[in-house]
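Undergrad: Here's the letter readout for the chains.
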Amino acid sequence: MTTENLEKMAQNVRKKMISVADYCRNSLIHWGSSLSCVEILLSVIGDVSNISNVDREDKSRDLLIISKGHAALAYYAVLEECGLLEKTFAEEYQKNGSRYTEELTINPDLMIECSTGSLGLGLPYAVGLAIKDKREGNDGRRIFCLVGDGECDEGSNWEAVMLASQQHLDNLTLIVDRNGLQLDGDTELILSQSNLSNRLGAFDWKVKEAEGHDFKSLREGLLMKQEKPLAVIAHTVKGKGISFMENDFSWHEKNLQGKLLQRAKEEVGLL
Amino acid sequence: MMEINSRNIKYLSYLGARGVLGQAVFDLAEEKKFYAVSADLGVGSGFSRFIEKCPDQFIDVGIAEQDMIAVAAGLASKDVPVITTSWATFASYRCADQIRCFLGLMRKNVKVVGMGSGLSNAIVGGSHYGISELAMLRAIPGIDVIAPCDGVEIYAAIEAVLSNDRPSYIWLTGGIRLAVINSSESYRFQLGKANQLREGRDILIIGCGTLLAECMKAAELLEEKGISAKILNMHTIKPLDEEAIYSNLSCRLIVTVEEHNIIGGLGSAVAEVLSKIEVKPLQIRIGIEDFVPNAGEYGYLLESCGLTAEQIASRIETELKD
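Which chain is which? The protein sequence lines are A and B, in order. The working numbering puts the first sequence at residues 1 to 271. The working numbering puts the second sequence at residues 1 to 322.
For reference, chain A alone in the conformation it holds in the complex (with noise of 0.2 Å):
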């Protein structure tokens, strides 16, 4: 896909996103770490794998497991954007009983193979479908797992790090959103990650850096030929695309109504 179609689908995405607003008047909604991943998501399911044009039950398939399951919302509207989904998600959002859930909930029809929320689940499941498939002979098949840098705290992925580099995992590709800011606000003052990419390669990975929302840069990464894991840094803005969200952490987990909703409309271009 052209690079310019990918920068309106984003366009499309955050569009989709701002107006469930609507629908959520009194809920808390996790913008920022859902902001900073639009391109990233889009990359993956739109332009560098299979994902959105081969059979779901195919075990060609690549699979994208999404660790920060708080990147949900991201989530379904490039689905939707992808035409992925066969009617609008955004009514559904939150509501009682349904599907789109603020963390992702396990769902094949929506191609979540993992619930996440608990965070540092989603890499070590992913390295447990790599062997799978390495000793199944399922050759080919891509699997993907994004999760956040604030995430990398969790011990559990570093336990999965050193395990997919012993079992020589070339099918597994490692997405870090770095947007640089965690719950608690600025992840260098709290657990830093500046040196990532030296840990992650002391640990026997490929890695690349790139700008997580600039698609021809996430393309470049994730289409490295991979001898070993690779893990790509992709460098993003906490509520990229909303000025009063950019680089805020107090967006991770906000409600969005009133003058600040008709600002985030406007600046997506719903109004």
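Rather than coming from a laboratory, the hints here were simulated on the basis of the structure. Hints are supplied without guarantee of correctness; some may be wrong.
Claimed, not checked - Sample of chain A residues lacking proximity to chain B, with all beta carbon distances greater than 12 Å (derived):
| # | residue |
| --- | --- |
| 1 | Leu-121 |
| 2 | Lys-134 |
| 3 | Asp-184 |
As the list claims (entries may be wrong) - Think about it this way: if two alpha-carbon atoms lie no more than 20 Å apart in a straight line, the pair counts; the simulated EDC-like pairs of lysine to aspartate or glutamate are:
| # | chain 1 | residue 1 | chain 2 | residue 2 |
| --- | --- | --- | --- | --- |
| 4 | B | Lys-53 | B | Asp-27 |
| 5 | A | Lys-59 | B | Asp-79 |
| 6 | B | Lys-193 | B | Glu-319 |
| 7 | A | Lys-132 | B | Asp-60 |
| 8 | B | Lys-53 | B | Asp-40 |
| 9 | A | Lys-132 | B | Glu-52 |
| 10 | B | Lys-78 | A | Asp-109 |
| 11 | B | Lys-78 | A | Asp-58 |
| 12 | B | Lys-217 | B | Glu-319 |
| 13 | A | Lys-134 | B | Glu-272 |
| 14 | B | Lys-78 | A | Glu-220 |
| 15 | B | Lys-53 | A | Glu-136 |
C-beta: ideal position from N, C-alpha, C; glycine also.
Go by the hints and put chain B onto chain A.
TA: Okay, now just chain B, sitting in the frame of chain A:
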């Protein structure tokens, strides 16, 4: 799989709990495909022969129990189960959230074996006692919890869990030699269905795990004093065989006995059933009275927890006199 005959019953009791686990996994690998994942306890789980036979079906994740459960969940499918092994406390508490999410919420086809549970790692000390995990595991929706009592039952339980697609936890007590509790060749294991081990009129003892050997001896001691005890082997803690309790309410006393904290284990599960009944016998819960016993030999620990046959019998006798 092995036939249940007197020779094999004896053989399995000599293998010890982990030896039986290894034997069951080795034998079952002939019949169906599954994966085994261990946290640096592949050999310690008795898996050496299985690993040699099916190297592609074994993954050692290193000393990383959280990884063990999550990787197992990734490997598991409806048709291909995964069995995981570590020491009970690490196989449960260290990776509690992974069990909750992958087995509970996502219902992955993973069978977690907690080895050396109860007080069987006696010499090692409190870090290795498996005396609390049943409380936590019972409260996670959707997980079968099984506490087999001897070699033949461990063998049968492993076969049973690897033949269904439900998530489960196997609470493996017992050391390097196991007392034979199920000595009959007609023994059959059915998940969720308690087995009666002994007929009796006056009281009902409900036990689980290898401590049932003490219960059997206690019943003999009580018999000498004119107290007739029926014994139920409640090998499945969840789903609990409620029917077996309902149909045994005519006794004077119900006694639950477990190598586990009296909070949250078998005794609590039975009490939850009895709480639904208006007229019922009194229940006493014999188990570890919410403390951590000092390390020592297994017999010493049983005694410090009041779990020897003599102590169980004496406690029951006192209760009946009062």
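Undergrad: A separate judgement is required for each hint: does it hold in the structure or not?
TA: Hint by hint, here is what the structure shows:
no., hint, result
1, Leu-121, "violated, 6 Å"
2, Lys-134, "violated, 9 Å"
3, Asp-184, "holds, 20 Å"
4, B/Lys-53 / B/Asp-27, "holds, 11 Å"
5, A/Lys-59 / B/Asp-79, "holds, 15 Å"
6, B/Lys-193 / B/Glu-319, "violated, 28 Å"
7, A/Lys-132 / B/Asp-60, "holds, 14 Å"
8, B/Lys-53 / B/Asp-40, "holds, 18 Å"
9, A/Lys-132 / B/Glu-52, "holds, 19 Å"
10, B/Lys-78 / A/Asp-109, "holds, 17 Å"
11, B/Lys-78 / A/Asp-58, "holds, 16 Å"
12, B/Lys-217 / B/Glu-319, "holds, 18 Å"
13, A/Lys-134 / B/Glu-272, "violated, 46 Å"
14, B/Lys-78 / A/Glu-220, "violated, 37 Å"
15, B/Lys-53 / A/Glu-136, "holds, 16 Å"
When the structure is compared with the earlier hints, violations turn up for hints 1, 2, 6, 13 and 14 and for no others.
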